[in-house]
Amino acid sequence: MSAPATALETRDAIAAGRVSAVDACRDALARMHAVNGALNAFNLIDDERALASAERVDRQRAAGQALGPLAGVPVAVKDNMCVRGQRTTASSKTLDRFFPPYDATVVQKLETAGAVIVGKTNCDEFAFGSSNENSAYGPVHNPWDLDRTPGGSSGGAAAAVAAGCVPLSLGSDTGGSIRQPASFCGVVGVKPTYGRVSRYGLIAFASSLDQIGPFSRTVADSALALSVLAGADPADSTASTQPVPDYLAALTGDVRGVRIGVPRAFVSEGVDAPIRTAYDGMLDTLREAGATLVNIELPHAKFAIPAYYLVCTAEASSNLARYDAVKYGYRSPAAKDGSLRTMYLKSRAEGFGAEVKRRIMLGTYVLSAGYYDAFYLKAQQVRTLLRQDYERAFQSVDVIAMPTSPIPPFRLGEKTDDPLQMYLADIFTVSANLTGIPGISVTAGFDGGLPLGVQLLGRLFDEPTILRVADAYQRATSWHTRVPPAPARG
Amino acid sequence: MSLTLADVERIAALAHLELNAEEKELFGRQLAGILDYAQQLQAVDTTGVPATSHVNTQRSERADTLKPSLAIEEALANAPDRALEAGLFRVPRVIG
Chain A
1 MSAPATALET RDAIAAGRVS AVDACRDALA RMHAVNGALN AFNLIDDERA
51 LASAERVDRQ RAAGQALGPL AGVPVAVKDN MCVRGQRTTA SSKTLDRFFP
101 PYDATVVQKL ETAGAVIVGK TNCDEFAFGS SNENSAYGPV HNPWDLDRTP
151 GGSSGGAAAA VAAGCVPLSL GSDTGGSIRQ PASFCGVVGV KPTYGRVSRY
201 GLIAFASSLD QIGPFSRTVA DSALALSVLA GADPADSTAS TQPVPDYLAA
251 LTGDVRGVRI GVPRAFVSEG VDAPIRTAYD GMLDTLREAG ATLVNIELPH
301 AKFAIPAYYL VCTAEASSNL ARYDAVKYGY RSPAAKDGSL RTMYLKSRAE
351 GFGAEVKRRI MLGTYVLSAG YYDAFYLKAQ QVRTLLRQDY ERAFQSVDVI
401 AMPTSPIPPF RLGEKTDDPL QMYLADIFTV SANLTGIPGI SVTAGFDGGL
451 PLGVQLLGRL FDEPTILRVA DAYQRATSWH TRVPPAPARG
Chain V
1001 MSLTLADVER IAALAHLELN AEEKELFGRQ LAGILDYAQQ LQAVDTTGVP
1051 ATSHVNTQRS ERADTLKPSL AIEEALANAP DRALEAGLFR VPRVIG
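The listed protein sequences derive, respectively, from chains A and V.
Numbering-wise, the working numbering puts 87 at position 87 of the first sequence, and it's gapless, one number per residue.
Numbering-wise, the working numbering puts 1085 at position 85 of the second sequence, and it's gapless, one number per residue.
Fair warning: there could be bad hints in the mix.
Derived lysine to aspartate or glutamate pairs resembling EDC-like cross-links, with alpha carbons at most 16 Å apart [unchecked claim]:
1. V:Lys1024 x A:Asp147
2. V:Lys1024 x V:Glu1009
3. V:Lys1024 x A:Glu355
4. A:Lys415 x A:Asp236
5. A:Lys327 x V:Glu1073
6. A:Lys336 x V:Asp1081
Hints were generated in silico from the structure; no laboratory data involved.
Isolated chain V (complex conformation):
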């Protein structure tokens, strides 16, 4: 199978990755090769076979009780940009 430039750009946009022209060409080619290889799964008869999304079937529940969490300063400590006094992460303008 092959991936068009438009395909590659659509996937990159979904993944929030900015790719340069070389990367688009390289990944387009490599991804097509890998997907070609993955096509062999089509030969497997999976009629009526349930999907396994997880091998773990245990139910884990706990009471919804409050516990201490991270202090605000700790939570903000690794932020690239923050307003410490307000206890907020800072990002480029979203609205307007």
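Okay, chain A solo, but in the shape it has when bound:
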């Protein structure tokens, strides 16, 4: 399979009349149906709705109307974002029959831009996970090796782009859930600055950490997507009113004088050798392109994981209290014969998977009387120290580079017995969520046919710089042009 068309190429071809939006849509749908048996990347493939959207774009073009920046581009959306009238499950039994009465803001923005939403991607249940093995609909398989995980929690969205189904997909990132699957699937993934993209319509996991962002094969496509998604929103009080820069214009290809922070101590331990090689290789490439490497220290970075898992589970336990079987969601058949409390106890127990229950339990504990100060409050203080580490670092550098994951894509089932082992693999991603800074993962090498990603982190609202550096890196390398082997039909 040759490298599939990018979002920009697809958009331009449709605008020029070289291909119709309906044909581009049919191609995407055909590919999705062909590979979903093997990958299980999609919870829902909505042919009818997608073709109707594509037809609308073709009619607009025929009528000579102006087309939006994503007109006719097939896009997949993680199944934790509400699409009005379209089944949205968060990969949980609890929401198996949930049809949102409203569109998430990002969905509205995609549609206004002319994008064609083709389906909802599989993910870890309620976005809790780093391997997409916690889904009520079965795991997603990594297109590069079907026995391995695609990463999580946005595993399906990453796999859909990697497998050439769609050039763009949306995921969400609370502790690395876009960047890590991007790394595991050999694609670009961006977690914007906290507040850059509206969370309205995103099924909440941890409200001070969650952000929606794009997956794509090229940095330019992610820049295009971000320019559509970013901006203020009256429906989300945490969505920033900071003006949105022209992200595509930022891709000048010039990194001369950019100072790249290298947190040597932090990345020296526990990182697999091939990943160190990819990381060092990326630093060399950027230095040769004119960037300067600067050693920095992040003294509290090693405490990011425990801080993260106390903060995010506390927030999750609060956010998931809404699943009470009253207004929506799964209600246990046993509820008929009992009290209101029985309805809550049984519906939640039957609707939630093990990892969801585990995190709710942990979060409830750390917020409970007697433990709040020692755990939750302490974690929030460490969060402040971490923010200060990064602020200090950004006084002498413009971007910070580190591996995305300390380990390459692991086998399905390898880490499911020990939740803590799974959590430890998030060591390089959680800081960006705790501090709010933006991060992008790009492929920087392969090991035994498995992609390895490296992250670039930037100052708050400085997506332009991390996009510019990542794009320059792609111009100097060709990792992103590799495609996975064709998966077997399921």
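Go by the hints and put chain V onto chain A.
Frame of chain A, contents of chain V only:
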């Protein structure tokens, strides 16, 4: 640290989760392991360090003006049980 069965049951009750015996044992063990790991935060000197509950400091306010909201049928559409005519969600008896 360790969590007793009573601890696990107390947390489950707060979280409105009914757990079976196996889950109580499993989660008790796993949670204790995770909390043990989280204890390393105690070594960090946080004297005088304010907590960050949110990185977002912007104030967002709008005038308190009425706007259309969800129609009642739409609001009730996903309810497991409802009294459509009355515009109500239906739940097991709460009082009595």
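- [ ] Against the earlier hints, flag every one the structure doesn't satisfy and list their numbers going up.
- [x] 1 and 4
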